[in-house]
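S.K.: In the order they appear, the protein sequences are chains P and X.
The letter at position 69 of the first sequence is residue 69 when you use the working numbering, and the numbering goes up by one with no holes.
The letter at position 20 of the second sequence is residue 20 when you use the working numbering, and the numbering goes up by one with no holes.
It is worth saying that the hints were derived from the structure and are not from the lab.
All C-beta atoms, glycine included, are put in the ideal place defined by N, C-alpha and C.
Treat each hint with caution, since some may be false.
[Claimed, not checked] A few chain P residues that face chain X, going by a derived Cβ cut-off under 7 Å, partial list only:
no. : residue
1   : Ser28
2   : Ala29
3   : Ser32
4   : Glu43
5   : Asp96
6   : Lys97
7   : Phe100
8   : Gly101
9   : Thr102
[To be verified] Now the stretches of chain X that chain P is said to cover, found in silico as 3 or more residues with beta-carbon under 8 Å:
no. : segment
10  : 11 to 18
11  : 99 to 110
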Amino acid sequence: RKEVEQDPGPFNVPEGATVAFNCTYSNSASQSFFWYRQDCRKEPKLLMSVYSSGNEDGRFTAQLNRASQYISLLIRDSKLSDSATYLCVVNIKNTDKLIFGTGTRLQVFP
Amino acid sequence: ETGVTQTPRHLVMGMTNKKSLKCEQHLGHNAMYWYKQSAKKPLELMFVYNFKEQTENNSVPSRFSPECPNSSHLFLHLHTLQPEDSALYLCASTRENTIYFGEGSWLTVV
Numbered sequence: 001r002k003e004v005e006q007d008p009g010p011f012n013v014p015e016g017a018t019v020a021f022n023c024t025y026s027n028s029a030s031q032s033f034f035w036y037r038q039d040c041r042k043e044p045k046l047l048m049s050v051y052s053s054g055n056e057d058g059r060f061t062a063q064l065n066r067a068s069q070y071i072s073l074l075i076r077d078s079k080l081s082d083s084a085t086y087l088c089v090v091n092i093k094n095t096d097k098l099i100f101g102t103g104t105r106l107q108v109f110p
Numbered sequence: 001e002t003g004v005t006q007t008p009r010h011l012v013m014g015m016t017n018k019k020s021l022k023c024e025q026h027l028g029h030n031a032m033y034w035y036k037q038s039a040k041k042p043l044e045l046m047f048v049y050n051f052k053e054q055t056e057n058n059s060v061p062s063r064f065s066p067e068c069p070n071s072s073h074l075f076l077h078l079h080t081l082q083p084e085d086s087a088l089y090l091c092a093s094t095r096e097n098t099i100y101f102g103e104g105s106w107l108t109v110v
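Isolated chain P, as found in the complex (with noise of 0.2 Å):
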């Protein structure tokens, strides 16, 4: 099993639509947790952080579920800008490691 899964997707949709992506882990020592985003031939970079009570920045919202190890991207009123792959990203506890999902890519269409 991988350590870190995604639905590599892509899902295609609407501008204006509301789209959520889930990710899981098998790491129970997982301890932090994070979304990046990454654009065709670009680096990863960071979208925001996973706080264990949920936490929204804009038209972004992050969940955490530790029971089911899971996190969640919540995107709402999607923009064209929204298109690129979206990577769950976990911090295995007292190590530097940090372990990244396949990514889900995101299309927006006009």
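Once you have looked at the hints, place chain X on chain P.
M.R.: Just chain X now, kept in the frame of chain P:
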């Protein structure tokens, strides 16, 4: 600009060549990473250095040899690579488990 700089940005090398990738950051981060990103695969953690000491080696073949002379610089020495080693090699550094990537070095082995 994340403050993590990689050179060269593009490299083509033969299977018998020896080359090196360089990464530097002057952000005061203590941990530095090498990741490999191949097409349609998740980012693969290769090496981690924390305060110049290697803390992770993810079963990387010996044809990849990392070097970390100080907390600001990280090298990846390449020798007798194979065509399947062609990929994007990303350097990163971390502060409080948030990872910041360089723009990557595109490597093609011919």
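S.K.: Against which earlier hints does the structure fall short, listed by number upward?
M.R.: 1, 2, 10
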